[in-house]
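Participant: Sequence:
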Amino acid sequence: MAKYLVIVESPAKAKTINKFLGSNYRVVASNGHVRDLPKSQLGIDIENDFEPKYITIRGKGDILAMLRKEVKKADKVYLATDPDREGEAISWHLAQALKLEQKQIHRITFNEITKTAVKNSIKQARDIDMDLVDAQQARRILDRMVGYKISPLLWAKVKRGLSAGRVQSVALRIICDREQEIDSFIPEEYWSLDVLLDVKGEKKPLTAKFYGRDKEKMEIHSKEQLEAILADLDGHPYKIYNIKNGERSKKPPLPFTTSTLQQEASKLLNFSTQKTMRIAQQLYEGVDIKGNGTVGLITYLRTDSTRISEEADAAVRQFIGDAYGPEYVIGQMKDSKNSGKIQDAHEAIRPSNSELTPTKIKESLSRDQFRLYQLIWSRFVASRMADAVYGTTNVKINCNDYIFTVTASKIKFEGFLSVYKHTEDKAESNVLLKKLTEDSQLSFNDFEGKQHFTQPPAHFTEASLVKTLEELGIGRPSTYAPTITTIIARRYVAKENKNLYVTELGEVVNQIMKDAFPSIVDVSFTANMEFLLDKVEEGCVNYKTVVRNFYPDLEEAVQTAEKELEQVKIEDEVSDVICDQCGRHMVIKYGPHGKFLACPGFPECKNTKTYFEKIGVSCPKCGKDIVIRKTQKGRKYYGCENNPECDFMTWQRPSGKSCPKCGNALLIKGQKLVCADVTCGYRENREEKES
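Under my numbering, residues -6 to 684 are what the sequence shown spells out, in order.
Simulated from the structure, these hints should not be mistaken for lab results.
Hints may contain errors.
In silico DSS-like pairs for lysine-lysine, Cα to Cα no more than 30 Å straight-line [said to hold, decoys possible]: (1) K193 / K237; (2) K389 / K427; (3) K599 / K152; (4) K665 / K623; (5) K491 / K355.
Using the sequences plus the hints, can you model the full thing?
Facilitator: Encoded structure:
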């Protein structure tokens, strides 16, 4: 008969831990949370000092009944949920739901699911940390208040089923602000200039890049400026005046945090943040490895620290020395200074055992598990390896006081690149440079001048949005993936080829939130709220104080918004389109993908059509109306109503005016009208009434 009961969240975790403990232990799973705020109501007693009203989650009654039976049989109960705020809160809820006495509660945590870590945690059992629980309660209550107070307002003003969230609304605003930057961006012209030079005795010409004049760096902004430089160079000799050989080092990367893992998995493996976290959870909880049984392969996956335990550091250094040689082991590392935004509660994400190389266990992993494990393993091992060393050559060439340069580099010592190498780490070799001396004779062959235009800020991807959220201190490692998943699922944001674009629905919701709840979508306010939650976790601030200070302003804003917000009148707007089934005038309605036409005779007539909103501008190609269209994923663009016969389209709104220089359409970019042909470069200020 088992004397000790261990409760974890998931069956996979239970299976892994059960292997490490003897017959005196029984390991069971709660299948996540067992109690939460009710879905049908706010669930917070405003009059009673914001006391949360927790209930058993629907469907968890049988699990709790099973757990109660097991508790009665056990001498000790170990609560082994995840080592973070949410895990601590689940343990507290289990203790409350199972009515555990104080002497029965033994909270254990481990950063990795290995035999040593689990057995050590049992020796170091502690009480539930109520500061961690309260930090999670505060987050849950604040999020519930925002969601349940603001969402009904969106239902009334736009469409039922919409939602607002404390963090998701800020993420949406960040994406909307970036889209506005891109829309109003005006390209600036610049030119690059290369000179091809013949080297005496060599077959291949040498390509040198324009640097500047009189040793000062110089930009070429126009074709006229380029032609003036070419005129100055015409007929003058080219002479090497400096050859500099040197070395540069490239430092190894730090081990993964949740944020950096999501970014690299997106960039290198094309994983969404949600997929990355799902597969990492599988690797953490345990995978059945041939010859080893179920093994937890990586440490805890929700962390913002790059810290590594002394034992893990010593073990991986030993592994590197044995596998690659002592010269590949990094020297003494300086302690990295963590910013105030970092909790540093756990180690970085790393393999539980460096000896389990990806190739050793490849057969036991799915393709995606293998790829992610390989990424984590190689990053961790690389972080404890020596710098990569490049040999560099820099050649400077003079012609009538203008400077051209040629650079090249070659790897002299691979260091960490022998494990963790990506495209940006490629060296730029140039065999010809080795043969050059300051006496080498050069003769002019040709020029290559190319026109370029500055590019707008890039659209957010999931990876770059996670990076921005982390830099701004918004959300925490556990919130990045669910936040992005929510705004995509709500169709506020569309994802196309990795890029995130705001949909029409997202624009409407963001504008309402900015007008009615500026503090909720304020980046600094949200970051400060995260700081306060950290202070609750540290025991410096009472969680009820945070809630008490937040609620009055929220309630006042909701009441004001209910009175003053102009309703978005789109549901019953009558169009001039006739229903081809019953003859009624179709009306404009709002659905998950935006506006569409529906017959007002529903449910008798269920006819619907795509709605194209005219913008009052004629197509510059065929003269028909320009309408707002959407891609399959919901991204907005402007195209001719005569599509596909007419292929005119643009991402920016046409102004209806033509360029006086080239005749192309003028597009609206912020407070300017800009020619659709960037090579033309024409622009003018928008008139005030247009703006």
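Participant: Which numbered hints does this structure break?
Facilitator: none
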